[in-house]
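Following the hints, complete the assembly by docking chain L onto the known chain Y.
Residues per chain are reported as follows:
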Amino acid sequence: MNRKIETESDVVIFPKKTMDIVKRGLARRYRSERRFKFLGLSAIAASLVFLFLLFASIIGNGYTAFWQTFIRLDIDFDPQVLTEDNLSRANYSGLVKGSLHTLFPGVSGRQDRRAMEGLISKGAAFELRKMVMNDPELIGTTRSIWLTADDDVDMVVKGHIDRSVPEIARRISDLQLSWIDTLSDQGRIRKQFNTAFFTNGDSREPELAGIRGALVGSFYTLIVTLLLSFPIGVASAVYLEEFAPKNRLTDIIEVNINNLAAVPSIVFGLLGLAVFLNFAGLPRSAPLVGGLVLTLMTLPTIIISGRAALKSVPPSIREGALGIGASKTQMVMHHVLPLALPGMLTGTIIGMAQALGETAPLLMIGMVAFIVDVPGGFTDPSTVLPVQIFLWADSPERAFVERTSAAIIVLLGFLIVMNATAVFLRKRFERRW
Amino acid sequence: MFKKVAIVAAGVILFSSAQMASAQSARDYISIVGSSTVYPFATVVAEQFGKTTQYKTPKIESTGTGGGFKLFCTGVGVEHPDITNASRRIKSTELEQCQANGVKEVVELKIGYDGIVFANSKKAEPLNISRKDIFLALAKDVPDPNGGENTVPNPYKTWKDVNGSLPDKKIEVLGPPPTSGTRDAFVEMVMEEGGNSFDWIKALSKSDSSKYKGICHTVREDGAYIEAGENDNLIVQKLDANPDAFGIFGFSFLDQNTDKIQGALIDGVEPTFDAIADGSYPVSRSLYCYAKKAHVDVIPGMKEYLDEFASEAAWGPDGYLVEKGMIPMPDAEREKFGADVKDLKILESVE
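So the protein sequences, as listed, match chains Y and L.
The first sequence runs 2 to 434 under our numbering.
The second sequence runs 207 to 557 under our numbering.
I should point out that these hints are in silico values taken from the structure, not numbers from a laboratory.
Hints may contain errors.
As the list claims (entries may be wrong) - Here are the computed lysine to any residue pairs in the SDA-like style, where the Cα-Cα straight-line distance is at most 20 Å:
1. Lys276(L) to Asp182(Y)
2. Lys329(L) to Asp163(Y)
3. Lys328(L) to Asp163(Y)
4. Lys329(L) to Leu272(Y)
Predicted model only: the values in this text are computed from it and were never measured.
In isolation and in its complexed conformation, chain L is listed as follows:
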């Protein structure tokens, strides 16, 4: 009797799960994953797309750039995401993984730029700092202050120790954790450039790349650099409470809180919209969006969503994404990428 009940119950469960699987195959909304930096922009486009067309609003998850690629490259099929956002270009290893799992046709769409600012509270003096000084202040091992081509654990405690013209305040920086794409971009654009100002470190990048990465990518762990998590609102609040601290986050948060915080001048350039747009502010990165061509005919509305993203009303200089803090690409780039996505041009390889 019990065996009969058990067999019937197992049969019911399997049957209903098969039904559910077929319900999944009728997915009529676009599934998007990826970067938490692109998330604010992708969500605006998705909402606009949902309101103005008859398609359902896409579902967008903020998994982080790396996590997004992992989910994206797992395979082709309705149970996998259709589009992934990224705050950096896809790596060749990730593209190979995609190809290996059957995701052979990947369409790349660059959507704009985002600046990373080094901000402090408006209650304190604005800072004018070079990337070399940021590197010396935040790296775990710095070049020996006495000269020579070796590194010592970071001895600097105040900004004045690093550079005599900087204020005599304790070094305290709130920044993103290692899982964040913002941290990757900050390390690549600020720390590496700062390290490169020392010729022997620059030479290491060719000769001994793992040692080079060890020097430039490792941030100090003795309390001067505090990992403040992904919640940038929290970092802004902490900066407001502690005028001597600095924070590292995206330009959109500076833009929304100009009454409380100000961005430091890096290499003499102030982080304004125009400076980031024309490239004079050195710490800006490109934002991308990758789509599976194989899904375009299966999931309704995918092509129209990409077209909405690539429309002037969205990513143009007068578009609604600019209001959210994204820096638009120059006209020529917008035309190029707009044409590429209209043709669904496949990404062959990444150098």
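For reference, chain Y alone in the conformation it holds in the complex:
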């Protein structure tokens, strides 16, 4: 509200009444500024609280998965069982069972014997087989070997199974608990770092399950995505920004690219199923097809961020290049593109981080499957890390709950590293014009 100041001179004097009005309003203005600041800070605080809760719950559930319980048994590598001609098919589980019987003589009855043999993981027999195949000198000796314990024993030792609950409501019987206590008193139980988690492929036995297959599959898929989406995305961005004529067709292309960025990811999976699997006949569940589908998904991100990077290069660079005699192509390729590359790189890394966490499009092309063998190439069936997490989250065994959280920790770790790299690169190489 403009109040006409009535004065005789050129100097503007505010009458006392105005100052009073201003002073009264000042307090309200300060209050509303403080309120606004408070709202902003509390929004940040709320999101930090949620972030903290997310990390706390995942890390709280998952950190125990990085340790695995092992039981020390004295294995007698009986040369009568391990004959020269049948080393790979010999009865290694018999060796394990024999050692357990020596430790706990007097266990009779089918149920009790099975309960005792169930203390050791089924994978222990395969661990022994690997040891003997690598070093046949072991045959005929007796050694103390640390073998992987069964997942129920692992859960008891870690405290995830409540011992105070009545026996009928537990997976571990009182008898098994007494054996575990005896073994613990004899110093035969210890927790070691769970290397199997990083070296094994998927398994139905939680103590043998690992993320190696998923990590290698993710790696191959992301390589394919990067090799395809980066050149195509950068080339499209350069064309659209520098060379495309400003007509209707270019507008339609731009609108479509912007829309593609918002399409739900499962639609790309359906497209992949129809074109890559049914029409082109590519192998199902291969990282090659997964990479192709994810390329389609990340292209809009790379194109849009690439165009923004190119737009940010000032006209003076372009005009300077043209001024000293460079052709248009030379100007774009030698002058503009190198300067815009850091921004494009940032967009690519963010696009890759998004692609790393995708599950829905891979569902339709068959990558949501139980695959034990670690993939060896681009056409072997494989799965990716988020899919592995999804499959483990569905399994009933108690030990998979902690492994699911541990796999989430690994995935989050990768994503944080990738996004941090993007931020670092941006800070280091981007030029502020």
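Using the frame of chain Y, we list chain L on its own:
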């Protein structure tokens, strides 16, 4: 110039896709699809098979029973799956579709039983309920409480409204969505049986089957029945948090979480391993596995995988599948199906 580049590029793409197609024809692993209920059991057999033989571990996808049949019946060839798992028998329409698409020789293998339990948290009292009461509590339209042969929208809000001897708690059931085979089995074994306890509804099954299906297969949508998705671990967690709610899922999840949840007694029978095995627990269904005979000689290891599944070490009462929560078949059935799969007996028709 541009045209030349385009032609060369198109040629390269077509050539490489032809190469890829031939890479597919050399598929050396078994491809399995199908039921999410059989998935935990099939994966154990596959892993054991991969570890103990020189063949590659089969790849198993959990597509659901219906989705598995669709993929299976698309045709014969390396780009189609070799085996499909199912938590119900194949329907005659599905078998006809298979025949029509060239999948003429289908081998059927029944692998065991699975129970469906109606569970609640151990913090609450165990429930003893009849199938008739479950039907009245969960159906969308129930017989008129005042008598007569018509249906009204379900008016019952608490279990006590349905049957005076049941607790006075709000009806809240977490169950599988319509895409799930578990839901199909639950509807068939519990809801239909509950509906059949009313004579006029039972008569409808012969005279007007679509009306019968409408009454017995439709579950209420007013919030008492909550579709909790396929993730049974999530249902167990929700039951733990809400002691008044009930959940519907397979026996293996009850088996793995006996410290947190308990199964309700249905028609007076408790859901234990023995009760499901001898058939006294009424809500149990058969699990199946279907294979294409035409693929047996093309894909290495297929016969050996089926033999591993049908071996005593796997599906017998002392086998490793029992530890995962599957209920084994009686001796006579195991022998019959074991012999059938050894001969790769073809499934002629389904009644």
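field: Violated hints - listed by number, lowest first
entry: Hints 1, 4 not satisfied by this model.
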